[in-house]
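Student: With the sequences and hints as input, model every part of the structure.
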Amino acid sequence: MRDTDPSVFFQLFNEIAIIEQLSRALLEARLPHGLIAPHFAVLNHLTRVSDGGTPIDMARAFQVPKTSMTHTLKGLEAHGLVEMRPNPDDGRSKRVWLTEAGRDLRADVIVALGPDFDELARGFDVARLVDITPVLSDLRAYLDAARD
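Numbering follows full-length UniProt numbering, in which position 12 of the sequence shown is assigned residue number 12; successive positions increment by one, without gaps.
Honestly, the hints are just simulated from the structure, not real lab data. There may be inaccurate statements among the hints.
Said to hold, decoys possible - Restraint-style ranges between C-beta atoms, simulated for each label pair: (1) 12 / 126: 20 to 26 angstroms; (2) 88 / 12: 39 to 45 angstroms; (3) 68 / 4: 31 to 37 angstroms; (4) 19 / 145: 19 to 25 angstroms; (5) 118 / 90: 45 to 51 angstroms; (6) 137 / 22: 15 to 21 angstroms; (7) 65 / 136: 23 to 29 angstroms.
Don't be surprised by glycine CBs; every beta carbon is placed ideally from N, CA and C.
Tutor: If you want it as C-alpha coordinates, here you go:
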(Lines of atoms letter the chains of each structure in order from A; the text may use other names.)
(Lines give C-alpha, C1' and ligand atoms only; values in the text may rest on other atoms or scores of the structure.)
Protein backbone atom coordinates (compact mmCIF):
# COMPACT_ATOMS: atom_id res chain seq x y z
CA MET A 1 0.00 0.00 0.00
CA ARG A 2 1.27 3.46 -0.89
CA ASP A 3 1.63 6.15 1.72
CA THR A 4 1.27 8.94 -0.83
CA ASP A 5 -1.49 9.35 -3.36
CA PRO A 6 0.20 9.46 -6.81
CA SER A 7 -2.31 12.09 -7.91
CA VAL A 8 -0.44 14.59 -5.69
CA PHE A 9 2.66 14.16 -7.81
CA PHE A 10 0.72 14.13 -11.06
CA GLN A 11 -1.05 17.36 -10.15
CA LEU A 12 2.27 18.97 -9.18
CA PHE A 13 4.00 17.96 -12.42
CA ASN A 14 0.94 18.96 -14.44
CA GLU A 15 0.99 22.45 -12.89
CA ILE A 16 4.73 22.74 -13.51
CA ALA A 17 4.24 21.72 -17.16
CA ILE A 18 1.51 24.31 -17.69
CA ILE A 19 3.63 27.00 -16.01
CA GLU A 20 6.52 26.00 -18.29
CA GLN A 21 4.33 26.42 -21.37
CA LEU A 22 3.02 29.80 -20.25
CA SER A 23 6.43 31.10 -19.21
CA ARG A 24 7.93 29.87 -22.49
CA ALA A 25 5.42 32.01 -24.39
CA LEU A 26 6.40 35.06 -22.30
CA LEU A 27 10.08 34.39 -22.91
CA GLU A 28 9.78 33.75 -26.63
CA ALA A 29 7.86 37.01 -27.06
CA ARG A 30 10.99 38.80 -25.81
CA LEU A 31 13.57 36.87 -27.83
CA PRO A 32 14.97 38.22 -31.09
CA HIS A 33 13.60 36.76 -34.32
CA GLY A 34 15.03 33.32 -35.01
CA LEU A 35 15.62 32.37 -31.38
CA ILE A 36 13.37 30.19 -29.25
CA ALA A 37 13.29 29.07 -25.63
CA PRO A 38 15.80 26.20 -26.07
CA HIS A 39 18.35 28.72 -27.35
CA PHE A 40 17.82 30.89 -24.28
CA ALA A 41 17.99 27.82 -22.03
CA VAL A 42 21.46 27.05 -23.38
CA LEU A 43 22.61 30.64 -22.82
CA ASN A 44 21.23 30.45 -19.30
CA HIS A 45 22.93 27.09 -18.69
CA LEU A 46 26.29 28.36 -19.92
CA THR A 47 25.97 31.37 -17.64
CA ARG A 48 24.73 29.48 -14.59
CA VAL A 49 26.87 26.33 -14.79
CA SER A 50 29.92 27.64 -16.70
CA ASP A 51 30.81 27.49 -20.32
CA GLY A 52 33.45 25.34 -21.95
CA GLY A 53 31.50 22.08 -21.89
CA THR A 54 31.15 19.71 -24.81
CA PRO A 55 27.95 19.37 -26.83
CA ILE A 56 27.51 15.81 -25.54
CA ASP A 57 27.79 17.00 -21.94
CA MET A 58 25.20 19.65 -22.63
CA ALA A 59 22.90 17.15 -24.35
CA ARG A 60 23.10 14.97 -21.23
CA ALA A 61 22.37 17.95 -18.97
CA PHE A 62 19.31 18.86 -21.04
CA GLN A 63 18.34 15.22 -21.57
CA VAL A 64 18.06 15.66 -25.32
CA PRO A 65 19.68 13.78 -28.20
CA LYS A 66 23.11 15.04 -29.24
CA THR A 67 21.68 15.90 -32.66
CA SER A 68 19.10 18.20 -31.05
CA MET A 69 21.75 19.94 -28.98
CA THR A 70 24.02 20.28 -32.01
CA HIS A 71 21.16 21.91 -33.93
CA THR A 72 20.49 24.34 -31.07
CA LEU A 73 24.18 25.18 -30.75
CA LYS A 74 24.50 25.80 -34.51
CA GLY A 75 21.63 28.28 -34.29
CA LEU A 76 23.32 30.09 -31.41
CA GLU A 77 26.64 30.05 -33.26
CA ALA A 78 25.00 31.49 -36.39
CA HIS A 79 23.74 34.40 -34.26
CA GLY A 80 27.22 34.90 -32.76
CA LEU A 81 26.02 33.97 -29.27
CA VAL A 82 28.30 30.98 -28.71
CA GLU A 83 31.63 29.95 -30.12
CA MET A 84 32.67 26.39 -30.79
CA ARG A 85 36.36 25.76 -30.16
CA PRO A 86 38.44 22.61 -30.53
CA ASN A 87 38.58 20.47 -27.40
CA PRO A 88 42.22 20.43 -26.25
CA ASP A 89 41.57 17.11 -24.46
CA ASP A 90 40.02 15.38 -27.48
CA GLY A 91 40.73 16.51 -31.01
CA ARG A 92 37.51 14.90 -32.27
CA SER A 93 35.18 17.10 -30.22
CA LYS A 94 34.57 20.75 -29.51
CA ARG A 95 33.80 22.88 -26.50
CA VAL A 96 31.10 25.54 -26.29
CA TRP A 97 31.91 29.05 -25.11
CA LEU A 98 29.48 31.87 -24.52
CA THR A 99 30.40 35.03 -26.43
CA GLU A 100 30.03 38.52 -25.03
CA ALA A 101 27.05 38.95 -27.37
CA GLY A 102 25.51 35.82 -25.80
CA ARG A 103 25.99 37.18 -22.28
CA ASP A 104 24.57 40.53 -23.32
CA LEU A 105 21.55 38.98 -25.04
CA ARG A 106 20.73 36.90 -21.97
CA ALA A 107 20.92 39.99 -19.76
CA ASP A 108 18.87 42.06 -22.23
CA VAL A 109 16.13 39.43 -22.40
CA ILE A 110 15.90 39.31 -18.61
CA VAL A 111 15.54 43.11 -18.56
CA ALA A 112 12.94 42.91 -21.36
CA LEU A 113 10.93 40.49 -19.21
CA GLY A 114 10.71 43.18 -16.51
CA PRO A 115 7.24 44.44 -17.53
CA ASP A 116 5.94 40.87 -17.58
CA PHE A 117 7.37 40.30 -14.11
CA ASP A 118 5.86 43.59 -12.91
CA GLU A 119 2.47 42.50 -14.22
CA LEU A 120 2.84 39.17 -12.47
CA ALA A 121 3.74 40.94 -9.23
CA ARG A 122 0.58 43.07 -9.47
CA GLY A 123 -1.58 39.96 -9.75
CA PHE A 124 0.24 37.51 -7.54
CA ASP A 125 1.68 37.68 -4.01
CA VAL A 126 5.45 37.72 -4.53
CA ALA A 127 6.02 36.53 -0.94
CA ARG A 128 4.33 33.24 -1.89
CA LEU A 129 6.80 32.83 -4.75
CA VAL A 130 9.69 33.50 -2.39
CA ASP A 131 8.30 30.82 -0.08
CA ILE A 132 7.91 28.12 -2.75
CA THR A 133 11.13 28.74 -4.68
CA PRO A 134 13.35 26.81 -2.23
CA VAL A 135 10.93 23.85 -2.35
CA LEU A 136 11.02 23.87 -6.14
CA SER A 137 14.83 24.14 -6.09
CA ASP A 138 15.03 21.15 -3.76
CA LEU A 139 12.66 19.18 -6.01
CA ARG A 140 14.77 20.05 -9.07
CA ALA A 141 17.97 19.00 -7.30
CA TYR A 142 16.40 15.72 -6.16
CA LEU A 143 15.07 14.88 -9.63
CA ASP A 144 18.37 15.88 -11.23
CA ALA A 145 20.32 13.60 -8.91
CA ALA A 146 17.81 10.75 -9.30
CA ARG A 147 18.19 10.67 -13.10
CA ASP A 148 21.84 9.67 -12.80
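Student: Between residue 65 and residue 136, does the C-beta distance stay in 23 to 29 angstroms?
Tutor: Distance hint for residue 65, residue 136 holds at roughly 27 angstroms.
Student: If you check the beta carbons of residue 88 and residue 12, does the distance land in 39 to 45 angstroms?
Tutor: holds (43 angstroms)
Student: Take the C-beta atom of residue 137 and the C-beta atom of residue 22, compute their distance, and say whether it sits inside 15 to 21 angstroms.
Tutor: Once the Cβ atoms are compared, 20 angstroms apart, the range 15 to 21 angstroms for residue 22 and residue 137 holds.
Student: Take the C-beta atom of residue 12 and the C-beta atom of residue 126, compute their distance, and say whether it sits inside 20 to 26 angstroms.
Tutor: holds (21 angstroms)
Student: Is the hinted range of 19 to 25 angstroms satisfied by the C-beta distance from residue 19 to residue 145?
Tutor: holds (22 angstroms)
Student: With 45 to 51 angstroms as the target window, see if residue 118 and residue 90 comply at their CB atoms.
Tutor: holds (46 angstroms)
Student: State, for the Cβ atoms of residue 68 and residue 4, whether the hinted interval 31 to 37 angstroms holds or is violated.
Tutor: At roughly 34 angstroms between Cβ atoms, residue 4 and residue 68 fall inside 31 to 37 angstroms, so the hint holds.
Checked against the numbered hints given earlier, this structure breaks none of them.
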